[in-house]
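So the protein sequences, as listed, match chains A and B.
Using the numbering used here, you'd call the opening residue of the first sequence number 1 and step up by one each time.
Using the numbering used here, you'd call the opening residue of the second sequence number 1 and step up by one each time.
I should point out that these hints are in silico values taken from the structure, not numbers from a laboratory.
Just so you know, not all the hints are guaranteed correct.
For chains that are exact copies, the list does not tell them apart, and a pair is met inside one copy or across any two.
[To be verified] Simulated pairs of lysine to aspartate or glutamate, DMTMM-like, Cα-Cα distance not exceeding 20 Å:
#1 K197 to D157
#2 K65 to D161
#3 K131 to E190
#4 K150 to E69
#5 K131 to D186
#6 K131 to D41
#7 K131 to D161
#8 K197 to E159
#9 K150 to E125
#10 K197 to D161
#11 K150 to D186
#12 K85 to E103
#13 K65 to D186
#14 K197 to E135
#15 K197 to E143
#16 K150 to D41
#17 K197 to E156
#18 K131 to E90
#19 K65 to E135
#20 K150 to E45
#21 K65 to D102
2 protein chains.
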Amino acid sequence: MKGIAVDAKPAEAPRDNREAILIAVASVIARRGIRGLRVEDVAAEAGVSAPLLYYHFGSRSGLVKAALEHASERAPSTALRTPSKQSAYEAVEAALLAELGDEPDVRANAVVWGEASASAVFEQELRPDVKRVTEAWCANVAEAIGEGVKDGSIREDVEPDQAAEVLITLVDGLCSRWLGGTMTRDRACELLRGALKQTLAPAA
Amino acid sequence: MKGIAVDAKPAEAPRDNREAILIAVASVIARRGIRGLRVEDVAAEAGVSAPLLYYHFGSRSGLVKAALEHASERAPSTALRTPSKQSAYEAVEAALLAELGDEPDVRANAVVWGEASASAVFEQELRPDVKRVTEAWCANVAEAIGEGVKDGSIREDVEPDQAAEVLITLVDGLCSRWLGGTMTRDRACELLRGALKQTLAPAA
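Looking at chain A on its own, in the form it has when it is part of the complex (with noise of 0.2 Å):
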């Protein structure tokens, strides 16, 4: 670590060894937790030395924070941003079914997503990101959900912000019961279907 300003702003790494650094993080996290995660491995993992990692990400804390980043702007329901042909109804549907899916990349973003979660319960320095990332979602989610009660897709008296902060947090809960291996998949995603559909649907 010799010569390294560890402590000072840390550089940006290059676009693609940054990327590949993010997908070697969320790669550990998912074998091993993020209170099992050691930088050396994430080196290993990633094929470049721990002080460049150091330089890049400042200290673990910040590796951390930039995975849990990483796996916010790839989550499936950035989609929801872009337009599309569906209804709001099917495109909120489409979203959130796909935080479910079994991906090998999808469910590593998953697993850091719920670690960040459960982690920060104890590492207080976690919690703005975390909140971060989540209100970001919820607003996504939200404004979508409004779209919906726009295009007649979702039942008018829906109330956007409280629907969405339900959803998502019946997704935080249904990915942490499929990752721990105390449901199955398709049990989940059959959950979450049945809860959309009383949630939001118009009245048949």
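With the hints as your guide, set chain B onto chain A.
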């Protein structure tokens, strides 16, 4: 540790001792998490020796499982098994809101529960225990919902098992947000009341 057969089936601790130890485990987990749990800290908190803990609980993992079982036995939802003068809807609402109780012991048990679920992602060994206590919780709530369908306090088209599973998963998600400091307890209670009304209440 000499002379103590830690691999043998652990001896049952005398009732008072056992209770004091399990309260100490919950308290240590509430401060540091399961992954920060050291048997020595529990021993210090309970005022007993670490070898005594190994003697009674077999291992660190045995201690965690006993704490989860203890949290499950003391969960507010167990009150649903006792007949009450409330309608079933009111009883379910009271029991689930009580899971978000701010008393130190309720809060400590909520942390134990959340930590066990989060740790189950990485510790396969914990999964059967987490699954068992979750299913027991779900069955209690589903039974009460079934009674509500009969007594008319709950909508007659509600499917008790499905509704119970969604509601307890939502409660877990809300607890996680509240304990992680990214949602106030008041907001969590408000969202839960709204979800209960929408999921269970008969049409006005």
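Inset, instruction - Would you pick out the hints that fail for this structure and give their numbers low to high? - result: When the structure is compared with the hints, numbers 2, 4, 6, 9, 11, 12, 13, 14, 16, 18, 20 and 21 turn out to be violated.
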